[in-house]
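Participant: Given next are the chains, with one letter for each unit.
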Amino acid sequence: MVVKNKAEGQKIIVLAGNPNVGKSVCFHRLTGQYVDVSNFPGTTMEFCCGKLGNDFLVDTPGVYGLSALNAEEVLVRDAVLSADLVINVVDAVHLDRDLFLTCQLVDMGVPMMVALNMVDELPERGLELDAGVLENRLGVPVVPTVATTGAGIDLLKEQLFRARPGQPDTPVEKILGRYPNLSRSEALLVSEGDAEVAARHGLDPGDEKEKIYAARRNRVNDICAAVLWERGADAAWATRLGHWLIRPVTGIPLLLVTLWLMYELVGVFFAQTVVGYTEGVIMSGYYEPLVRSLLGRVMDLHSPAGVIMAGQFGLLTMAVTYLLGLLLPLVLGFYLVLSLLEDSGYLPRIAILMDRVMGYLGLNGQAVIPVVLGFGCVTMAIITTRLLPGRRERRIATFLLALSVPCSAQLAFVAAILGSLGPGYMFLYGFIIFSIMAGVGTVLDRLLPGSTAPLLLDLPSMRIPRPGNVLLKTWTRTFGFIKEAFPIFLGGALLLSLLRVTGLMEKIQQLLEPLTTGWLFLPRETAGAIIMGFIRRDFGTAGVMEIPMEPLQVFVALVTLTMFVPCIASTLVIFKERGWREGAVMWLLILALAFLGGGLLARVVFFARAISPAVTLPLTALAVTLALAPVVLLSRRRQRVG
Amino acid sequence: MLLDKVKRGDLIKIISIADAGIKQRALRMGIVEGVVLTCAEVIPAGPVVLGKLRQEIAVGRSLARHIDVELLSRAGETIPVATRLKSEVC
Numbered sequence: 348m349v350v351k352n353k354a355e356g357q358k359i360i361v362l363a364g365n366p367n368v369g370k371s372v373c374f375h376r377l378t379g380q381y382v383d384v385s386n387f388p389g390t391t392m393e394f395c396c397g398k399l400g401n402d403f404l405v406d407t408p409g410v411y412g413l414s415a416l417n418a419e420e421v422l423v424r425d426a427v428l429s430a431d432l433v434i435n436v437v438d439a440v441h442l443d444r445d446l447f448l449t450c451q452l453v454d455m456g457v458p459m460m461v462a463l464n465m466v467d468e469l470p471e472r473g474l475e476l477d478a479g480v481l482e483n484r485l486g487v488p489v490v491p492t493v494a495t496t497g498a499g500i501d502l503l504k505e506q507l508f509r510a511r512p513g514q515p516d517t518p519v520e521k522i523l524g525r526y527p528n529l530s531r532s533e534a535l536l537v538s539e540g541d542a543e544v545a546a547r548h549g550l551d552p553g554d555e556k557e558k559i560y561a562a563r564r565n566r567v568n569d570i571c572a573a574v575l576w577e578r579g580a581d582a583a584w585a586t587r588l589g590h591w592l593i594r595p596v597t598g599i600p601l602l603l604v605t606l607w608l609m610y611e612l613v614g615v616f617f618a619q620t621v622v623g624y625t626e627g628v629i630m631s632g633y634y635e636p637l638v639r640s641l642l643g644r645v646m647d648l649h650s651p652a653g654v655i656m657a658g659q660f661g662l663l664t665m666a667v668t669y670l671l672g673l674l675l676p677l678v679l680g681f682y683l684v685l686s687l688l689e690d691s692g693y694l695p696r697i698a699i700l701m702d703r704v705m706g707y708l709g710l711n712g713q714a715v716i717p718v719v720l721g722f723g724c725v726t727m728a729i730i731t732t733r734l735l736p737g738r739r740e741r742r743i744a745t746f747l748l749a750l751s752v753p754c755s756a757q758l759a760f761v762a763a764i765l766g767s768l769g770p771g772y773m774f775l776y777g778f779i780i781f782s783i784m785a786g787v788g789t790v791l792d793r794l795l796p797g798s799t800a801p802l803l804l805d806l807p808s809m810r811i812p813r814p815g816n817v818l819l820k821t822w823t824r825t826f827g828f829i830k831e832a833f834p835i836f837l838g839g840a841l842l843l844s845l846l847r848v849t850g851l852m853e854k855i856q857q858l859l860e861p862l863t864t865g866w867l868f869l870p871r872e873t874a875g876a877i878i879m880g881f882i883r884r885d886f887g888t889a890g891v892m893e894i895p896m897e898p899l900q901v902f903v904a905l906v907t908l909t910m911f912v913p914c915i916a917s918t919l920v921i922f923k924e925r926g927w928r929e930g931a932v933m934w935l936l937i938l939a940l941a942f943l944g945g946g947l948l949a950r951v952v953f954f955a956r957a958i959s960p961a962v963t964l965p966l967t968a969l970a971v972t973l974a975l976a977p978v979v980l981l982s983r984r985r986q987r988v989g
Numbered sequence: 008m009l010l011d012k013v014k015r016g017d018l019i020k021i022i023s024i025a026d027a028g029i030k031q032r033a034l035r036m037g038i039v040e041g042v043v044l045t046c047a048e049v050i051p052a053g054p055v056v057l058g059k060l061r062q063e064i065a066v067g068r069s070l071a072r073h074i075d076v077e078l079l080s081r082a083g084e085t086i087p088v089a090t091r092l093k094s095e096v097c
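For the protein sequence lines, the chains are A and B, in the order given.
Residue numbering for the first sequence follows the numbering used here, beginning at 348 and increasing consecutively.
Residue numbering for the second sequence follows the numbering used here, beginning at 8 and increasing consecutively.
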């Protein structure tokens, strides 16, 4: 099912385990193939195949059990059913949680072995574990490993031949006798009430789930009591730090410090110092003049072909400069920070701290993770909405990301433009973006049927990120981003140059005049920025820089373009994740909201200036607050009544 | 008493979980009727963080209101040592 062209004698080996136990690191160690690794549950969303000797090794998303509770469980269940051998990766420190899946696999009777991972963390957490007793209790080989350093991995490979079906729980064995025609694994799933597997064999799903689960839980507790001892107190500094991070008194200041450090690293160091050098010196100072002088020898730079190659939107000039001089360092900086956050285990703790606040948006704390990631790249963030528990949450989070969260590339231009206008504009921009998120989130929470799935999250241990993984991950993602963005940038630049050369741009500007000058009070040239915004939002924002406008107009244009439709890559991901119908509705709704919001904002700011030019910005902020308050109050009150 | 009323350091025993869906999700993480847990942290108006062995689990407040618990001991008081189940290998 997972591996299609399997040769004779080749085995399918499936890595299975709870989220965040180190399956992907094991996969990397066993096959040498890199997969995205982080310290929060749910990093692996898709299957990954690699070769282990002559056999296929499959990395799977982490699950707590195999019973079709969500899409990942269905996928992993089918992978396990088609597997010749299962390596169950278990976190030694969190044995009590992990053994539940282990016991289910043992009950299923698939040939398996247990990789007892992270054994190096046991002593400092004050724990002692007897792997020999665990092996006897489960009836399958248990190999202690430390995947991050590679310890025990060779032993794991050597012991693969010893993999065998384990000893099922006694009450389970009795129940399985009822399905003599099925394999043990399928019989178990059917008796646990798996409707899909039952239908494959024309059977009715069993109703023994509660009984089996309760018995299994008891068995896990028994095994834990027999193999794991608390030798001393939890002495790890990480545990204490973990508590400080979620206690509001210490957690909120620490969060602010973290945000400030992120801003200093990405917003100041990468966006200004590094970009100033790569874009300002290397690309504009050396690269572009060189390209122009070389091209000038073979063609006229003012001819249509010359404009396309090296004009304002030149394929060889602007597209390459934006991509390599501007986006490459920015994206690199952002992914670096993100990798550090991910690997430390801090993100789930932010989720806990923010759970209450996110509740107002119809989301639970877990949604903080996609929103934070969205400030880096909205496209990637939309993929991580999969870690949210329900469709309702995924829908709200995707919409908020697409509408109100500016990605790092766009934020860089916004910061550059607003920085020159003054801090007042900067604050107002932040306030408006926040208000849009709060207002739209509250309304969506009210309008969408159902209620927010409450938070239930297991916390990974805090760890010091491994430099090797952080750098490898940063590089893998940055390379992937540039590879994906390159053709889009070239295509966008070509389109814009063509529009300019053929004179179509003039026509579009005329056509859009009612919208730009009539509704948004902006100069007609902004039509170009809007067209660019369809390709990429940061592209559009960059276009604003080139149009002479007064500060208030610049501000209106920036807010409109922040709310504007997501970039092509994000749009495609939204369509893929949410289906084309829902995707199209979202896209059109965002387009309408962006122009509606922009036009209203334009009226408010110019009205405020007419009252008194000195207090334009505070008056605007007041107006936004006044608009937001009834929306929020009404939504929340009607919710309580209804 | 409901889970949202516990305080940091409390030793509690889960009595019942009202919602079937929540029950299933909670069971996977080892929160099941009869199990003894410590309360590692309570975020004011936010989630309750439960500890079991070394695993920490955050339970949202709205979910905590659906879980009935028995208070075994308050923080600072002596914690009764549970007798360890010793069983031999079959």
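Everything labelled a hint here was simulated from the structure, so no lab data went into it.
Just so you know, these numbers come straight off a predicted model, no measurement behind them.
Treat the hints loosely; a few may be bogus.
Said to hold, decoys possible - Distance condition first, Cα-Cα at most 25 Å in a straight line; then the derived BS3-like pairs of lysine-lysine:
no., chain 1, residue 1, chain 2, residue 2
1, B, Lys-30, A, Lys-556
2, A, Lys-556, B, Lys-12
3, B, Lys-20, A, Lys-558
4, A, Lys-556, B, Lys-59
Participant: Against each hint, give a clear statement of whether it holds in the structure.
Facilitator: For each hint, the structure was consulted:
A C-alpha spacing of about 12 Å is found between Lys-30 of chain B and Lys-556 of chain A, which places the hinted pair at or below 25 Å, so the restraint holds. Distance hint between Lys-556 of chain A and Lys-12 of chain B is unfulfilled; the C-alpha atoms sit about 31 Å from each other, more than 25 Å. The straight-line distance between the Cα atoms of Lys-20 of chain B and Lys-558 of chain A is roughly 20 Å, inside the 25 Å bound, and the hint therefore holds. With a C-alpha separation of about 24 Å, the suggested pairing of Lys-556 of chain A with Lys-59 of chain B holds against the 25 Å cut-off.
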